[in-house]
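Q: Two chains, two separate frames, one set of hints: put the complex together.
Going down the list, the protein sequences come from chains A and B. When we follow numbering that gives the first Met the number 0, the leftmost residue of the first sequence carries the number 0, and every step to the right adds one. When we follow numbering that gives the first Met the number 0, the leftmost residue of the second sequence carries the number 0, and every step to the right adds one.
Be a bit skeptical, because a hint or two may be false.
Stated by the list, open to error - With a straight-line Cα cutoff of 35 Å, these simulated DSBU-like cross-link-like pairs (lysine-lysine) come out:
(1) 1(B) x 158(A)
(2) 174(A) x 162(A)
(3) 209(B) x 169(A)
(4) 143(B) x 243(B)
(5) 27(B) x 143(B)
(6) 215(B) x 154(A)
(7) 121(A) x 143(B)
(8) 15(B) x 154(A)
(9) 158(A) x 143(B)
(10) 154(A) x 174(A)
(11) 118(A) x 209(B)
(12) 154(A) x 92(B)
(13) 118(A) x 92(B)
(14) 243(B) x 118(A)
(15) 154(A) x 143(B)
(16) 169(A) x 274(B)
(17) 274(B) x 162(A)
(18) 215(B) x 158(A)
(19) 34(A) x 143(B)
These are calculated hints, taken from the structure and not from any lab test.
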Amino acid sequence: MEALTLDRDPRLTSFLRTMAAQSEVDVNLCYQCRKCAAGCPVAYAMDLTPTQVIHAVRLGQRDLVLRSRTIWLCISCETCTTRCPQGVDIAKVMDAARIIAVREGIEPAVPEVARFHRKAMKSIRRHGRMFELGLIVGLKMSGGGLTKDMVLGMKLFGKGKLKLLPSFGKSGPVKAMARRAGRGTAGSAAGDGGSTP
Amino acid sequence: MKYAYFPGCSLHSTGKEYDISLRAIAPKLGFELEEVPEWVCCGTSSAHATSRTMAAALPLYNMAKVAGAGADRVLVPCAACFARFKHALHDVKESASFAGQVERALGTQPRTGVAPLHPLQVVGDIAAGNTFPGMVVADLAGLKVACYYGCLLTRPPEVMRFDECEYPMSMDRIVRRCGAEPVDWSFKTDCCGASFSLTLVDVVHELTAKILANAKDLGANCIAVACSLCHANLDARQSEIEAKTGREFGLPIFYFTQIVGLALGLSTKALGLRKHIVSPMPLLDGLRGPRAA
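Same shape as in the complex, but just chain B (with noise of 0.2 Å):
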């Protein structure tokens, strides 16, 4: 199976290890990613705070240069990526007076006929088949892990028609299915800040700070992500809240396709798992002993 493939700008920088673990995974699982060719941004959180027609003319633009390439879908793994995608797509079916200001913005009708994938959904597929347990060669038992959605995959349901918005659940399917156990908690979709880390970081402490404490409370020694602007304040501001709360989490926070990558015997180099600002190191070794043993 090939699948066009819409990285964004952040997996190719600040998500740089989310692009790396889905490429290392994706030949593993039996599919194949194909860049689209000569995509631009998808307008993230500032097309829709700046321009509607932008915001929905970016994504739009992307979907037609997919079509342009024979597919009729497109894997999209950021989840902000992924829902200005689904919005763009919502937004034109709509309304048609918006749909004509779009068509003026791009100079052509927009193309509704392309379907945007998430990971969670592919992965999500093929982790529940029949041959997915023969895969697993490591075993990740001992790895609790918070699957944490956040905002954008879910939300609002009649857009993003994804999983439960409330409590969703394909994350931990695959975390499970991967040998590793997902921990039941309550910030599952609880926003972490997102793009307010350039500007208003105090609001990002304190709202990353009860993700990290309630994962943290219900025992989990991990949190798994799907969205680079997630894996951004989890991690990297991690330190900061720690000094500010006075409390220590050291919570690795892994992609998603980190953990999967694992199970299928991966390196933690493949994975690209030394970007990370908090080290899984100590808590993957602490896995590998006992089994080594």
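The following block holds chain A by itself, in its conformation from the complex (with noise of 0.2 Å):
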């Protein structure tokens, strides 16, 4: 009987209703034959597996899901959505979680990667196109670091592979698409980070 009650609690609904907005997958197809968590590559490193995070999705545990290391671990090679017997979208429901953590404000359990996503988002707004060595250089100043890359860098640099400039007169369509994308957010659950600093 309690577990009748429990899909009508809207503490516990809410979550999976906001998940469902903003991934426009049915987790409630799941049937936990655990093939996702069995073809994860990265599943060894994973606190919970994919097959749990969205179990966790249908009973609605909010902090289990946003802040797991799962969802940022994810490397989003699709096996899992590729092979589920039930169509369900496992890597699309990941996307999800990471969108819905960074906008309600949670603490990253990955944070270099999460600073990752930030940090090149930001490379293309401001120059409409990814400044490789630019990204590189900002996630080791700010992440510590910096010397284990250097000795790779310095062969790239040497091979002529890492352009020392951004390109230009690129950001302009960029910085409005990402203006108008986050303009949506504010009204609607499906609307996402688009402008995220």
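A: Listed below in structure tokens is the structure:
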């Protein structure tokens, strides 16, 4: 009987609804076969398996999902989505969880990955194209480990594979798109952080 | 045949030799590339992790540029860009409400009439043709190639509609037509660690080590790729993995366009072959030796 009332509890279903609106994926199709966990190349490093994340979303376990390492360790290889016998787009659920976690101000459990995405998007908005050297320097300066990849960076640089200067004059349309995408956020649950700083 | 061409950010920097070799083989194979004017980044792995709207708006902005230039197909060599283009088209076609959000971001209706093509498709069609054997001037026998497709080219199949999702063969067929020997192996579509290269290097080492080991175990003496992220992890991180695992791989990593270029008789310089960290020169010299003799 308890289970029947659980799925009508608004505290629990509100997270399920937020996730459904952001991802447009029906996690209730999952029958827990665990094929996604079996094929995930990064499962060995995760705290929850992808199957457990899907189950936690169904149960409305907001904190368990949004504070997990798994949502940041998912590398978007789409093996799970490809193999799911129920057609659940698990990779898209992971994307939705990351977006909602940032929107709701939850500290990411794997901060370096969240920082990478934030800085990469900033680089794209600023230059219109990814400026790899600038991104690498920015990441290493803020996250430490400046020397760790220095040798590799020098090797790539020596091969003429890192551009010294970013692209110019390409940022206008990207900034405008990010602004307009961000504007959709305020009023609708389906909107997302297009212009998150 | 002329194609609109979207190189993407990495083919202008870390994946430069993919751009160089594709441009080098194009006229030999009878097609032209015209770079999309004023293109912007496709959003890569970071847009879809931070904003679903931007993840679709960026590729669709570029496809509008393609349509604006009068083309209805665009050649997208980077597997990550190619996947983002395909996902953007798929997502706006699937959901009218999402298409509405993307339209607000773009400031105009998304153009969904442009078809993204991967060079494996274009080159594959040419390599399968009757005239191709006549173009092959170099003998690549002895080149045992593990064709590595990575995550993004084939998955998920209902979005990508590209080859067979668990065991693709399109690159293998091209390599064979070039006179090299594709190897039957198990890690064709396993993930290399992709963009974790700049954040969680240990994960990249773990995943890429398995790929290198399986290729080596099954007799490959090189790996061919069709993605600049895969190339960076397999090539630039290889010596670190050798130090970590204590196993020497010594596997040069080619872009498949470079193997085609070698078969067509193009020089190592014209194909950007000296830009790799793991030098392919000893392997290639070994092939040349017996032929010259």
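Q: Each hint needs a verdict: does it hold in this structure or not?
A: Checked hints:
1. 1(B) x 158(A): The given pair, whose Cα atoms are some 31 Å apart, holds under the 35 Å limit.
2. 174(A) x 162(A): Holds: residue 174(A) and residue 162(A) sit about 22 Å apart, inside 35 Å.
3. 209(B) x 169(A): Distance of about 39 Å is beyond 35 Å: violated.
4. 143(B) x 243(B): holds (25 Å)
5. 27(B) x 143(B): Between residue 27(B) and residue 143(B) the Cα gap is close to 24 Å, so the pair holds against 35 Å.
6. 215(B) x 154(A): Holds, at about 24 Å.
7. 121(A) x 143(B): This hinted pair is violated, its Cα atoms lying about 42 Å apart.
8. 15(B) x 154(A): holds (14 Å)
9. 158(A) x 143(B): Satisfied, since the Cα-Cα distance of roughly 26 Å is no more than 35 Å.
10. 154(A) x 174(A): The given pair, whose Cα atoms are some 33 Å apart, holds under the 35 Å limit.
11. 118(A) x 209(B): holds (30 Å)
12. 154(A) x 92(B): Given pair residue 154(A), residue 92(B) is violated - Cα atoms ~43 Å apart, limit 35 Å.
13. 118(A) x 92(B): holds (30 Å)
14. 243(B) x 118(A): holds (29 Å)
15. 154(A) x 143(B): With a Cα-Cα distance of about 27 Å, the restraint between residue 154(A) and residue 143(B) holds, given a limit of 35 Å.
16. 169(A) x 274(B): holds (27 Å)
17. 274(B) x 162(A): Roughly 14 Å between the alpha carbons, so the hint for residue 274(B) and residue 162(A) holds.
18. 215(B) x 158(A): Between residue 215(B) and residue 158(A) the Cα gap is close to 26 Å, so the pair holds against 35 Å.
19. 34(A) x 143(B): Holds. Residue 34(A) to residue 143(B) sits at ~33 Å (cutoff 35 Å).
In this structure, the hints that do not hold are numbers 3, 7, 12, in rising order.
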